[in-house]
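Student: Go ahead and model the full structure; you've got the sequences and the hints to work with.
2 protein chains.
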Amino acid sequence: MEFDLIEQYFKPLSQTTRPGDLAIGDDGALITPPENSQLVVVTDTLVSGVHFLAQANPYDIGWKSLAVNLSDLAAMGAQPAFYSLALTLPSADPPWLEAFSRGLHDCAKPYAMPLIGGDTTRGPLCISVTAQAWVPKGEALLRSRAKLGDDIYVSGAIGEAGLGLMLAKAGGLTSSTQEDYALTRLNRPQARVSLGLALRNLASSAIDVSDGLLADLNHILQASNLGAQLYLADIPLSDAVKNWAQANPIQALNAGDDYELCFTANPNQRQVIKDLSGLLGLPIHRIGKIRQAPGLVVEGLVGDKDVRGYEHF
Amino acid sequence: MEFDLIEQYFKPLSQTTRPGDLAIGDDGALITPPENSQLVVVTDTLVSGVHFLAQANPYDIGWKSLAVNLSDLAAMGAQPAFYSLALTLPSADPPWLEAFSRGLHDCAKPYAMPLIGGDTTRGPLCISVTAQAWVPKGEALLRSRAKLGDDIYVSGAIGEAGLGLMLAKAGGLTSSTQEDYALTRLNRPQARVSLGLALRNLASSAIDVSDGLLADLNHILQASNLGAQLYLADIPLSDAVKNWAQANPIQALNAGDDYELCFTANPNQRQVIKDLSGLLGLPIHRIGKIRQAPGLVVEGLVGDKDVRGYEHF
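Residue numbers (the numbering used here), protein chains in the order written: chain C, 1 to 313; chain F, 1001 to 1313.
Any given hint could be a false lead.
[To be verified] Computed footprint of chain C on chain F, listed as stretches where at least three residues anywhere in the stretch have a Cβ under 8 Å from a Cβ of chain C:
1) 1019 to 1029
2) 1039 to 1045
3) 1069 to 1079
4) 1084 to 1091
5) 1126 to 1135
6) 1148 to 1160
[Said to hold, decoys possible] Restricting the straight-line Cα-Cα distance to at most 27 Å, the calculated cross-link-like pairs of lysine-lysine (BS3-like) are:
7) F:K1289 / C:K11
8) F:K1169 / F:K1242
9) F:K1109 / F:K1011
10) F:K1109 / F:K1137
11) F:K1274 / F:K1289
12) F:K1289 / F:K1242
13) F:K1137 / C:K137
14) C:K242 / C:K289
15) F:K1011 / C:K137
[Stated by the list, open to error] Not the full set, but computed from the structure, chain F residues with beta-carbon under 10 Å of chain C:
16) V1050
17) H1051
18) A1140
19) A1223
If you're looking for bench data, these hints aren't it; they were derived computationally from the structure.
Cβ atoms here follow ideal geometry from the backbone N, Cα and C, with glycine treated the same way.
Tutor: As C-alpha cells, then:
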C-alpha cells in the first residue's frame, strides 16, 4: 500500500533519547516524565486553503505546522519535548512528503523534539500537530495571573505576517527587504521558546499572539478580570507594516500569525526584561499597562476608542 | 464568529480533577503526572468517506473517534487519562455537534477522561483524537516481547465489524439480531481497556486488532522476530460472520475495526486467563501458538497456506 511508504519519511524524525521510551512502532508512544514536572499539551490544525495557500511550499507547511504549536508551548513557559502528527493528504506524493518532513525536522531540531507517533490518512490536506512539553510543577505561565499595575510587553514586531499574507495572496511579489521579511515571517514563524522559558517566575501572565495582538491580549484581560491601556506609538511596527496599515493601524494589531509573546510583569522587573532582551537578541517592547477598568484602550488610535466590540471579541 | 460557539459543546467535556491541572482555557493544557508512571500517547484520525460513511450518525462518529484510540491505549495496558480533539468540519451545525459531543462524552465517561484541548477548524470533515494514558513505569504491554511457545489469545469475536461494514454499505438492513450486533460493533466499538489493564505482568505482548487479526498479529511476530500457528477452528467467529465469510474465511481474519486485543502469554497462565475471562464477562479464546519459524500459518484454511504475502503485509 502506498501509504505504508509514507512512514519512511517520518521514521527518521522519531528518535527518542531516554532509555525505556518508545516513539513510533507500537500501539502508542511511551514517555517517561521528568521529576516534579507538569505536562503541557497543545494542538493546532492547519487546513489547506484556510491556514495556508494551496500552492504553499511543503517545507514551509511542515515548518509552520510545528512552529504554531511551539508558540503555544512557549506561552506556557514550557520546554518542548515531543509531538504527534495527524496528517491527512490526498495522495502519497514523495517530493511533497520529503520537503514537508524536512520542514518539520528543521523546526524541531533546536529542541531535539522527536515525532513520537500519529496517523496518516487519505483525504483532503489537513495537518494536525499535538505538541507536548514539560514545565516545573507550578511554574507554567498562565493567562489568568496579570496584576493591576503590571506592564504589558510584546516581543519582536507586530503585523508582519498580516502584511506577508496580503503579499502572498497578491502573488508573492515583494519590493523591499522588509516585504521579503514579512513573507518569511508568515511562512516560517519563529516560536519564542527561549523567551517563554526565561519568563517563568518573571512574567505574571503570557499568551502567544496568533489571532492578533488585541484579541490575544484580551484573553489575558478576560482571564485576569482586568483591563488594559496600550500606547500605539510604543507598539513595534516596521515601516513596511506602518505603510500597509497607514489608513487603519488597527488592522496590524488585529492581523494574525505573529507568533510573538505578549506578557505582563511587575514594573520592578523592567531592568531584568531589558537585559533579557539583550541576552536573547530579541526586541521586547513595553506597550502598555494593566488597569482596573475593563476593556482595552489603545491610546493614539483615532478617537482613542475602546477596542472591545471589534469583530474578534 | 460561529466557530466560537462550538466551544460550548466541548467545554462540558473538559473537567479535570487534579488541583493545579488545567484543561481548555489557556495556551495549553497542564497535567500533573502520577508518581512512577510513563505516559502513553496515541493518535487516530477518522476521515469522512474513508473511516465512516458520510451519512453516519454523528453520535457514533464521536463515540468511535475516541474508542479507536482507547483501543490502542488498552493494547499498551494503560489507564486512559485525557484526550485532545482536532476537529475539522465544513460548518458549525448545532444538532450534529450536539450528537457528536455526546458520543465523545459517553465513550469517555467510564474513564472520567477529560477533553483537555484541541483545535476546531473549517474544512472537509476530519476528526483526529490524541488520547493519553498512564502506565506504571516499565509495565506497558509491548508488541516486541512475545516468547517462543507462548499461547496466542484474542478477546471477543472477530470479523463482526467487517460484516457490519458490508451491511452498512448495503443500506443497513439487517435480518437477524446477530447482524444488528455486527452493525453496532462497527459503529460503537468497545475498547478492551479493563482487559488491557489486567494483562499487565500477565501477557508477554499485546496489540489491538484494528487492521484485521492476521495483519495485527503479524506486527507482534515481526516485532518479536518469531512466527505463529493459528487454528481456524479456535478463532471466535459468530454464525453470521461464518455465513458471510463462508467462501473465504480469510476475509473475516483480514477485516478491520474489531478493536479486540490479541495477546500472547506463557502456557502456565492458562487458568489465570480463563478466570480473567469470567471475571470480565468477556470471552477470551486461545487461538494458536508462537513458534520459531517465521510467518503466520492458519491451520484449517484451504491448503493450510502461509498467509504472509496477503495484501496487508
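Student: If a hint holds in the structure, say so; if it does not, say that too.
Tutor: A quick look at each hint next to the structure:
1. Judged by the Cβ-Cβ criterion of 8 Å, the segment 1019 to 1029 of chain F is covered by chain C as claimed, because 8 of its residues qualify and three suffice.
2. Counting residues of the segment 1039 to 1045 of chain F whose CB falls under 8 Å from any CB of chain C gives 7; the rule of at least 3 is met.
3. Counting residues of the segment 1069 to 1079 of chain F whose C-beta lies closer than 8 Å to any C-beta of chain C gives 5; at least three are required, and the coverage claim holds.
4. Counting residues of the segment 1084 to 1091 of chain F whose C-beta sits closer than 8 Å to any C-beta of chain C gives 4, which meets the bar of three, so the coverage hint holds.
5. With 6 residues having a beta carbon nearer than 8 Å to a beta carbon of chain C, the segment 1126 to 1135 of chain F meets the requirement of three or more and the stated coverage holds.
6. Beta-carbon proximity to chain C at under 8 Å applies to 0 residues in the segment 1148 to 1160 of chain F; the threshold of 3 is not reached and the given coverage is violated.
7. Only pairs whose Cα atoms come within 27 Å are accepted, and F:K1289 paired with C:K11 is rejected, the gap being roughly 31 Å.
8. Straight-line distance between C-alpha atoms of F:K1169 and F:K1242 comes to about 19 Å, which keeps the hinted pair within the 27 Å bound.
9. Proposed proximity of F:K1109 and F:K1011 is supported: the alpha carbons are some 15 Å apart, at most 27 Å.
10. Taking the CA atoms of F:K1109 and F:K1137, the gap is near 25 Å; set against the 27 Å cutoff, the hint holds.
11. Between F:K1274 and F:K1289, the direct Cα distance comes to roughly 17 Å. Compliance with the 27 Å bound is thereby established for this hinted pair.
12. About 23 Å separates the Cα atoms of F:K1289 and F:K1242, which keeps this hinted pair within 27 Å; it holds.
13. For a cut-off of 27 Å, the pair hint linking F:K1137 to C:K137 stands: about 20 Å separates their Cα positions.
14. Distance hint between C:K242 and C:K289 is fulfilled; the C-alpha atoms sit about 23 Å from each other, no more than 27 Å.
15. Among the hinted pairs, F:K1011 with C:K137 is consistent with the structure: their alpha-carbon atoms are about 25 Å apart, no more than 27 Å.
16. The criterion of a C-beta within 10 Å of any C-beta in chain C is met by F:V1050, whose closest approach is roughly 6 Å, and the hint holds.
17. Look at F:H1051: its Cβ gets to within about 7 Å of chain C, closer than 10 Å, so that hint holds up.
18. The interface hint given for F:A1140 is met, as the beta carbon of that residue sits about 5 Å from the closest beta carbon of chain C, less than 10 Å.
19. The interface hint given for F:A1223 holds, since its Cβ lies 7 Å from the closest Cβ of chain C, which is under the 10 Å cut-off.
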